[in-house]
Structure formats: structure tokens, C-alpha cells
Amino acid sequence: MTWYEKIGHQLFEPDREQTPGEIIVFRLFELFVLGYTIYYVWKWGFYTELRNIEVVLPLGIANYFDVSLLFSNNLTLINAGVITALIIPAYMRRGPKWIYMVILILFHLQYVIRFSQGEIPHSQNLIGMSVFAFAIGTIFFPGKKELPRFVMGAVIFFIGLGYTSAFFAKLIGTGINWADGRHLWLWISEKGIDILSRDGAYSPNLLQQLALGSTAAATMILLIGWLTELIGFTMWWNRIRPYTTTLLIGMHFGITLTMNIRFDAFVLQLIIVGYPWYMIADHLVEQVPKPLQLRI
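If you want my numbering, it's the position in the sequence shown, counting the first as 1, plus 62.
Derived by calculation from the structure, the hints in this document are not laboratory data.
Misleading hints may appear alongside valid ones.
To be verified - The calculated lysine-lysine pairs, modelled on DSSO-like cross-linking and capped at a C-alpha distance of 30 Å, are: (1) K232 - K68; (2) K159 - K105; (3) K68 - K206; (4) K68 - K207; (5) K207 - K159; (6) K253 - K105; (7) K253 - K232; (8) K159 - K206.
Go ahead and model the full structure; you've got the sequences and the hints to work with.
Shown next, in the form of C-alpha cells:
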């Protein structure tokens, strides 16, 4: 067995029997992804209708046509409504297999309409990647066992790849000096200005005070986070996954405490996919009377 086949077995676990708990966790994860999808498309739609400003930086398919044509006449809200309507049959497994692909395209369109106007965040990326996994899975792996295994395995693969890639992106873009604590001073100050302009007051917390008072402490904080990104790919292995997930969640809490940047959807998604919740779900199912188990 080659190395990539071994990784594939770790991600997709083709030899493990499917259990009711696995199906329950998968459907809850799907509900989580679709819930955030609805939240984002309406949020972006209302923002665009209220702000209605010009394209600052074209993203994705916005490089091929002028998305400013969709800035008015409630078109973004109509798009959000269509996505919401399609999500219902998609979750119920009604309609054509490519319905998730339509949701993905419209979701991407809503994203580029909103963020071609500026201020590109990271916090929605994992939700978009999950929708992509559902779009591919429902077309090519529609089986009752194959779909959950593909979607969860693909999501875990790209999460691990994304974090490790982030480490190398920083290394290539800035060099080994990226972890210089003075960079953290700059980022803390920049976010402090944002908070001050928004709230009229800003006071650094204890961790920020520690970082601002010592170059060594600030460097250590950055270095720990940077090295945590490096080992993101170890999520691909079942036994290591919970530990890597815990470190990544801790890293995000550190980012929030030092730079006031929140990744709520990231953290929640890590919690759902990074731990073997299906084992707990299976244990709970075993407590259910046998006749009711057949309906799960």
C-alpha cells in the first residue's frame, strides 16, 4: 500500500462498518454547514443592498463579469432566497444530485459580490469548502455509506492542508522572521485602532500586555501558533486528530486573545469534525429501545 493510499484509508476509513452514530453526526454536521450557509448569504445580501459600493478587488468569477450589476434591485437578496429554498430539498435528499453544485455556485457568487467590495476574511472559507465537498460527494459518491465518508474525509483533508499551507505561505512571504514579536506588536496596535474607532475605548488584556511588554514573549506566542499551523496535516491520522484539533482550537483562542480576531465558524467546525463524536452517539443509540433504533 502506497503512502497516499494509507492516508486515504485514514481519512475515508473504507473498512470500518457504518454505524447509526456516524449517520447522526454526519447529518448534524450537514445541518451546521447549511445553517451557516443561510446565515452568510443573507448577511452578505443585506450588506450589499445597504452599502452598494463599487468593486474594489474582483474575486473568483467576478474576474470574468462585472458583479456590480448585481449590487441593486434586491438581486443579492433574491439570490439568498434561492439558496435558502434549494437547501431544503438538498438536506432532504430530494431533487437532482447536482442541487448542491447549484448551491455552491450561487454561494460563491454571493461571496464574490460581497467581498469584491473589500475586506476579505478567512472565517467563511471552511464553510465554503464543506459545501464544495457536499457538491462533489452527492454527485460522485451518493451512496449511504460513501457520501458521509467522502464529505467528512475531504473536509478533514482540506482543513489539515489549509493550516499547513498557511505555515508555508508565511514562510515564503515573510521568511523565518515572520515570528518576530514586533510583528505581533503591530497587529495588536492595528486591531486596537479598529476597536477604538468602533467602541470609543480600547484596553489591552493581560495576554496583550504580556506580549507588548516583552519581545521574547511576543515572539514565543507567534512561534507557538506558527508551529501549530505546521502540524495541521496530522489531522489526517485518526489517532492524532483529536490532539491536533485541540491544539488548533487553542491557537484560535490565542489569536482571539492577542489580536481580537474571531474564527467562530472555524472553531465550531473543528470541534465537530476533529473528535470521534460518533462513538458517543453510538453509545447513546444503544440506550434506545430496539424498535426505535431501527428508525434511526
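Each hint tested on the structure:
no.	hint	result
1	K232 - K68	holds, 29 Å
2	K159 - K105	holds, 27 Å
3	K68 - K206	holds, 23 Å
4	K68 - K207	holds, 19 Å
5	K207 - K159	holds, 16 Å
6	K253 - K105	holds, 23 Å
7	K253 - K232	holds, 20 Å
8	K159 - K206	holds, 13 Å
In this structure, every one of the numbered hints holds.
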